[in-house]
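We have chain B already, so just place chain F on it with the hints.
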Amino acid sequence: MSIEIDRVNKRFGDFVAVDNVSLTLNDGELTALLGPSGSGKTTLLRIIAGLEQPDSGRIRFHGQDTTDLHVSDRGVGFVFQHYALFKHMSVYENVAYGLTVRPRSQRPSKAEIRKKVMHLLEMVQLDWTADRLPSQLSGGQRQRIALARALAVEPKVLLLDEPFGALDAKVRAELRRWLRRLHDEIHVTSVFVTHDQEEALEVSDRVVVMNKGKVEQDGSPEQVYDNPANPFVYQFLGNVNLFHARVQDGVARIGSVSLAAPEYAGQRDSRALAYVRPHDIEVLGDRRDDALHAQIELVSVVGPTVRLELRTDNSESVVQAELTKHRFRELGLGQGSDAWIRPVNSRVFLEDGELQAG
Amino acid sequence: MTTQTLTHVANPELAARWRRATEEPAWVRWTLIGVALTFLALFLVLPLLVVLYGAFEQGLQVWWAAISEPDALAAIRLSLLVVLIVVPINLVFGVAAAWAIAKFEFRGKPILISLIDMPFAISPVVVGLIFVILFGSQGWLGPWLAAHDMRIIFAVPGIVIVIAFGTMPFIARELIPLMQQQGKEEEEASLTLGASGWKTFWYVTLPNIKWGLIYGVILCNARALGEFGAVAVVSGRIRGETNTMPLHIEVLYNEYMFTAAFAVSSLLTGLALVTIAVKSFVEWLDERNRPAIASH
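Keeping their order, the protein sequence lines are chains B and F. The first sequence maps to residues 1 to 358 in this note's numbering. The second sequence maps to residues 359 to 654 in this note's numbering.
Chain B extracted, bound-state conformation:
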């Protein structure tokens, strides 16, 4: 079931939560809505679910307009950040709820419900908790029950609002891999909201980056990470260093370092900013003409990688570089040493006001 979001707007008072967003989510895809808090991602998800009414615009499921359809008739599965399990019902009753509240004519028999609920509980590997209350389960278990409950009604689309946001790091990592596998099994069109870029990149088929109610970029995790559409996306997806640069005719210059910037072929001399990820900075122990001189201010070893903070001769801000422990040992550098750094991969954006010619 594809989901089509057509020029949707939503305001809360003066706050623009969703600003003219159009998107088409393909059948069977797992899409991540990624953005900082206040970017409108949750509001958009709730609009798709029917929990929020858009001020204008339409929502279509598989071409069929559902904008005015009540949430209870929309056939969506919704998973909440804080699980929203029914506290007073057992795990079994929670999962069975969507089936037992159906009008008598559409309700499956008790035996059918039992079979289905137990099947779902087995799928989330929690069949042994059927008689317990949600409060007797851990956070990760509760969220799996919430997922089973949402799937019990065989939703056309599955919507997850920061599903792992309330869990600790280890459970979180486990659960997102589990969600990925589950999605590969059941293939229901799914959308999940997250502010965690790692989560979005790891789990989804497609990432939609949102900011201030607008879509900043929409693409596969690799595309979004490797080719960010704009400075916002670049900065939001992980650490990044900023260098002042000059761009002229397909070449960007940071001091004595020249980098290819083919997208600006024919560009007249303009000011620009080069964005370089810490792992795309090569650290050298010996002077080289095509590298910048810097001093190592801080060395921190995080597991197998070494993070360096360096200060270049003309920069006020610190440059962050990341390399393997192995490579760092080879260099024989330490805190306070002189080093030379060279961006090996960068993305250049013209500074505001610099017109792109040609």
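Hints were generated in silico from the structure; no laboratory data involved. Do not rely on the hints blindly, as some may be mistaken.
As the list claims (entries may be wrong) - Simulated restraints on C-beta separations:
id, chain 1, residue 1, chain 2, residue 2, range
1, B, LEU242, F, ILE471, 43 to 53 angstroms
2, F, ASP475, B, GLY13, 24 to 34 angstroms
3, F, LYS461, B, LYS115, 32 to 42 angstroms
4, B, SER135, F, TRP388, 19 to 29 angstroms
5, F, ALA635, B, ASN9, 49 to 59 angstroms
6, B, LEU242, F, ASP475, 48 to 58 angstroms
7, F, PRO405, B, GLY13, 37 to 47 angstroms
8, F, ARG378, B, GLN295, 35 to 45 angstroms
9, F, LEU499, B, ASP65, 27 to 37 angstroms
10, B, SER105, F, LYS461, 23 to 33 angstroms
11, F, PRO535, B, GLY13, 20 to 30 angstroms
12, F, ARG378, B, LYS115, 32 to 42 angstroms
Keep in mind the model is a prediction, meaning the values are calculated, not measured. Where a beta carbon is used, it is the ideal one built from N, C-alpha and C, also for glycine.
Just chain F, lined up with the frame of chain B:
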């Protein structure tokens, strides 16, 4: 300082000197407990005993005669009738108001919350007067009511109205913080699972507010039975017709029929005690259920 509480300290010399930070010397503790107990005895237990003593002083038969004479029976019947009307009204109002305040955002919400508190703030006599001015024969709606052959003041509807007004906050006040704390995610979950609004209320909202609701009803009931000031103004105190139990007691007392006054009082007190017992039981049940339901 007692040594029993300190037995876990290995060194006895240390134990003698060691004292818990929050512990007070014995004389302070006993003085405080003594003051509290004396106060309780003087102002709560003693009056209760006096009521019971006064009621049964001349034997069970006299007590029975006092509460079974027609005017007393009429007062009891009226009080129970009023409770039967008022509590359901306030139940519906309380749930609706708490629902609106906890689950929806709208303009004027703070005003609604303060309005709900108003009956607590206004003196009952003033409440009575407000409704006399509204519905009395000299009042704004008086002539219209008279023309349509309806009586509110000096009749049962007036009593119901002032008691409903006075007890309005109990259930709403009990439910608002509860529902605000619970949020609306469970309801939203229920709706996404295909349940109708009514089923969501019945299967999800109601079980979650059950204890608060019962507690509110008990308080509302107790207050409705005991309401005096406002009723005294609007009822006209017609014996056997518009006297509720508290009013009947006052009439008996003014006529120097102390034993009868105490007899009816003992009944009212008995109802209050039953209410308190039920309330404690509900609290106990709630407490017992909570650990299973509690925090995330």
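### Query
Can the suggested window of 43 to 53 angstroms be confirmed for the beta-carbon pair LEU242 (chain B) and ILE471 (chain F)?
Holds: the Cβ-Cβ distance is about 50 angstroms, inside 43 to 53 angstroms.
### Query
Does the Cβ-Cβ separation between PRO405 (chain F) and GLY13 (chain B) fall within 37 to 47 angstroms?
Given a distance of about 55 angstroms, which is not inside 37 to 47 angstroms, the answer is violated.
### Query
Does the Cβ-Cβ separation between ASP475 (chain F) and GLY13 (chain B) fall within 24 to 34 angstroms?
Distance hint for ASP475 (chain F), GLY13 (chain B) holds at roughly 27 angstroms.
### Message
Does the beta carbon distance between LEU242 (chain B) and ASP475 (chain F) stay inside 48 to 58 angstroms, or does it fall outside?
### Response
holds, 56 angstroms
### Task
Go ahead and decide if the range 20 to 30 angstroms is satisfied by the Cβ distance of PRO535 (chain F) to GLY13 (chain B).
With a Cβ separation near 25 angstroms, PRO535 (chain F) and GLY13 (chain B) satisfy 20 to 30 angstroms, so the hint holds.
### Query
How does the Cβ-Cβ distance of SER105 (chain B) and LYS461 (chain F) compare with 23 to 33 angstroms: does it lie in that range?
Holds: the Cβ-Cβ distance is about 30 angstroms, inside 23 to 33 angstroms.
### Task
Could you tell me whether the CB distance from ARG378 (chain F) to LYS115 (chain B) stays inside 32 to 42 angstroms?
violated, 59 angstroms
#### Entry: Satisfaction of the hinted span 19 to 29 angstroms by the C-beta atoms belonging to SER135 (chain B) and TRP388 (chain F)
Violated - the Cβ-Cβ distance for SER135 (chain B) and TRP388 (chain F), about 42 angstroms, lies outside 19 to 29 angstroms.
### Query
Between LEU499 (chain F) and ASP65 (chain B), does the C-beta distance stay in 27 to 37 angstroms?
For LEU499 (chain F) and ASP65 (chain B) the Cβ distance comes to about 51 angstroms; the hint is violated.
### Query
Do ARG378 (chain F) and GLN295 (chain B) keep their Cβ atoms within the hinted range of 35 to 45 angstroms?
Cβ of ARG378 (chain F) to Cβ of GLN295 (chain B): about 57 angstroms, so the range 35 to 45 angstroms is violated.
#### Entry: C-beta pair LYS461 (chain F), LYS115 (chain B): status relative to the range 32 to 42 angstroms that was hinted
holds, 35 angstroms
### Message
Please check whether ALA635 (chain F) and ASN9 (chain B) have a Cβ separation lying inside 49 to 59 angstroms.
### Response
holds, 58 angstroms
When each numbered hint is compared with the structure, violations occur for hints 4, 7, 8, 9 and 12.
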